[in-house]
Amino acid sequence: MRMQPAAETDKLQHEDLAAKWALWAGVGYIVFFGVLGLIASVKFLVPDLFNGVNWLSWPRIRPVHVQGMIFGWALPVFMAMFYYMVPRLCGTKLWNEKLGIITTLVWSTGVALMVLGVLNPMDTTSPWWSTKGKEYEEWPVVSSIFLIVAWVMLTVNIWSTFVRRTYKQMYVALWYVMGCLMWTSFVYVIGNWPSQLFPANSFMGLNDANVNWFYGHSVVGLIATPAALATAYYFLPKSANAPLYSHKLSLIGFWTLGSIYIWNGAHHMIYGPIPYWLQTVATIFSFLLFVPVLSAVTNFFGTVRGEWHQLRSNVPLKFIVAGTVFYLLVSTQGSFQALRSLNAVTHFTDWVIGHSHMAMFGFVTFYAFAGCYYAVPRMYKRPLYSEGMADWHFWLSFVGFILFSTALWIGGFNQGIEWNNPNLTFISTVNDMKPFWHVRAGGAALMVIGLFIFAWNLFKTATAPTITPGTDGGDGIDELDNSSRTPSSLLSRV
Amino acid sequence: MLVFVIPILFLVLVGILLLILKQVPEKSAILTGLGIGMTFIIGLTFTMLIPSFNENWSQNTAKDASRYHAIYLRSDVEKADRDGTVPPLYKGDTNVEFGKLVGYTAQQERGRRVYQREGCMYCHSQQIRPLKGEIARYSIGTSVVPVADEREYIWDQPHFLGTRRIGPDLSREGGKYSDDWHYSHFYYPRQMVNGSIMPAFTWLFDDTDKSNPVPNKDARDLVSYVQTLGFYRKVYDQSLNGGKGGWRPWLKPQDQQYTQNIGEGQVLRIDPKINDGKGALIRGGDQLSPTNKVPPGGTL
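Protein chains in written order, with the numbering used here: chain A, 1 to 494; chain B, 495 to 794.
So here's chain A without its partners, still in its complex pose (with noise of 0.2 Å):
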């Protein structure tokens, strides 16, 4: 539905300002946090490396990389997405640039602040600057002020930009950017509320770790996943250039993802001391998230239906179709290891980091990279510096990860069956994981060399010579911006 006569709204010019200060942000706190990573999974086979440096014994790497990864380079990188694909999709500029540079200076301020506090270098105790001590909640009270400063900012600006919008209709990537800025506030406050600050009235014990694994779970569920899926149902179509398979189909698939997500932390804690109905709960809503999951993937195979040739040549596309294999893969996982009887043998196992690396790497951070090479060249006008690094980039990752997960996997299981073994002792177990290890660590290797040809590309893309302007639809990549495209366009076949 047109609001607009179609050659007004050709000669926005967006100057996605603010996008490019997100994406940097993103992009050099893959690069940190994926070398982080890899030193992380080097210490199991060399657990002496960096021996006596206090803030780079594993267990302090590790929270700062699984944060990093999700609140420095996701959410960052979803926000390019956002302040790139909003206006296009309401037809109208960003609402404010300058707060958009702000947003990133003072959400990068506060990751940098949570790697100092939970990497903790100076020892100290204080919940004020070091961590909260809960997985996923680690964030110190002074970094998590940050954050949620920064996340008003950018969702005055969304909400800005969306009101005044000159299309009516709202195309589904629009509803899950508004889940995403709704459920990120309410998660983000009540996982990382610093109950250490308030003892007398604070949840103790095992309320403390329901809260904590609600918090955890709608992480992914509630902040990473519909940012994601709305990058996806967004560039999906574009670089397809196909129209969405179905779009009644896709909101369907957003109020059941609001709505059954929240249920699911206590499959965290299954067969532990938490109540046992909570645990069935979980077990259950576990197995409804089958119903969100599949209307995103039918919609996405239904969108590249006819399409499949593109793969060969489309970076984007390539990126995007095996992300949504991976969230297939991952939700189905999930929902089987929320089983008792699965649950029994994979739980405390390494089975789960391979799974949640599906989950954050195989899906979320594949459907960002295609949001990368899609929107890069088009938000600095230029065409991408070389799609053979941008090739091998996808497979190195595509590569190292089935090798990481694979590994983890098969040696995690394993592992879970030697436990319920007692004549074995834990150390043995220990030592029959370590050729596992070496392949996960030879993985994450090829994923961090990716990540490396992944940023040099977008560098060199940026800083190439520019362009001349005033070249709309002369350069060949006007030619596919589509950025005066009504949101109808995207919804059915021209």
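Hints listed in this document are in silico derivations from the structure and should not be mistaken for laboratory results.
All figures in this text were calculated on a predicted structure; none of them were measured in a lab.
By construction, the Cβ of each residue, glycine as well, lies at the ideal position given by its N, Cα and C atoms.
One should not assume that every hint holds.
Distance ranges between label pairs, derived from CB positions [to be verified]: (1) B:Gly-737 / A:Leu-45: 51 to 61 Å; (2) B:Phe-725 / A:Thr-406: 36 to 46 Å; (3) B:Phe-725 / A:Ser-126: 40 to 50 Å; (4) B:Val-506 / A:Phe-301: 22 to 32 Å; (5) A:Asp-123 / B:Leu-505: 45 to 55 Å; (6) A:Thr-109 / B:Phe-725: 41 to 51 Å; (7) A:Asp-48 / B:Pro-747: 35 to 45 Å; (8) A:Ala-112 / B:Phe-725: 36 to 46 Å.
Reference listing, derived: stretches of chain A covered by chain B, where coverage requires no fewer than 3 residues with Cβ under 8 Å from a Cβ of chain B [unchecked claim]: (9) 47 to 57; (10) 60 to 66.
Cβ-to-Cβ under 8 Å is the rule here; a few derived chain A residues that face chain B [as the list claims (entries may be wrong)]: (11) Gln-196; (12) Pro-273; (13) Val-352; (14) His-355; (15) Phe-426.
Chain B: place on chain A using the hints.
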């Protein structure tokens, strides 16, 4: 009941939502609705209606199914501690003795902060699940390990339940080894357990004299906390009180195997280059005797 009520309420909500969106005639909507119903039934079947799926590993499920959970604030816990009572966490669970609740001393609380700062919970869980293999693994000698209980954690803020066992579970670690064993292990884990991949926490020691590292305050606090883990957990023993039965700490004195004294406040230090773990005074690891099996019926 809640197990059934919540998903049914959820289905009703989805139905209303579908009606509001006027998407019911849409083919995809009908398929999605069917999908919701089918996945619900599958989940329910796997988790509840096929108990044999769980019997394979689980100690018991029937008793646990009646559990409910109350929200406890620190003030409630402190009141119960003053009154010498244990808050009933199980419905109708009046005949279970647990021992007096013991909070943490200031030193142990500081030790928890060190545990938190060093990230011990990323590699060590603090929960024994009610699974046969797990009970057998963490039992020592003839002391059968009790599974995790909600009440053990009510003093914990933050909780250290953990989700990963790169190293073994620690919830029953208290009293198992001597303080000196722990100091030696923290200083250089591979001198106590051959093949261990635990980091060496050398910054918890004053090791200007490499041949004689001395644990600093952080290390002493940490070990004082580690020694509380599961130490106050009691189990029912029929043989006590002349056959009438009674409650005792779960770890029998004769099963505290690793109590050799290395030297007050000192750390056993062997050059890692020439030591492959065999040179240590004490070998670590969870050594289990062949008699250490779950008793018939799996009672605790």
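Hint by hint, here is what the structure shows:
no.	hint	result
1	B:Gly-737 / A:Leu-45: 51 to 61 Å	55 Å, holds
2	B:Phe-725 / A:Thr-406: 36 to 46 Å	41 Å, holds
3	B:Phe-725 / A:Ser-126: 40 to 50 Å	28 Å, violated
4	B:Val-506 / A:Phe-301: 22 to 32 Å	31 Å, holds
5	A:Asp-123 / B:Leu-505: 45 to 55 Å	52 Å, holds
6	A:Thr-109 / B:Phe-725: 41 to 51 Å	43 Å, holds
7	A:Asp-48 / B:Pro-747: 35 to 45 Å	37 Å, holds
8	A:Ala-112 / B:Phe-725: 36 to 46 Å	41 Å, holds
9	47 to 57	holds (count 6)
10	60 to 66	holds (count 3)
11	Gln-196	7 Å, holds
12	Pro-273	4 Å, holds
13	Val-352	7 Å, holds
14	His-355	11 Å, violated
15	Phe-426	5 Å, holds
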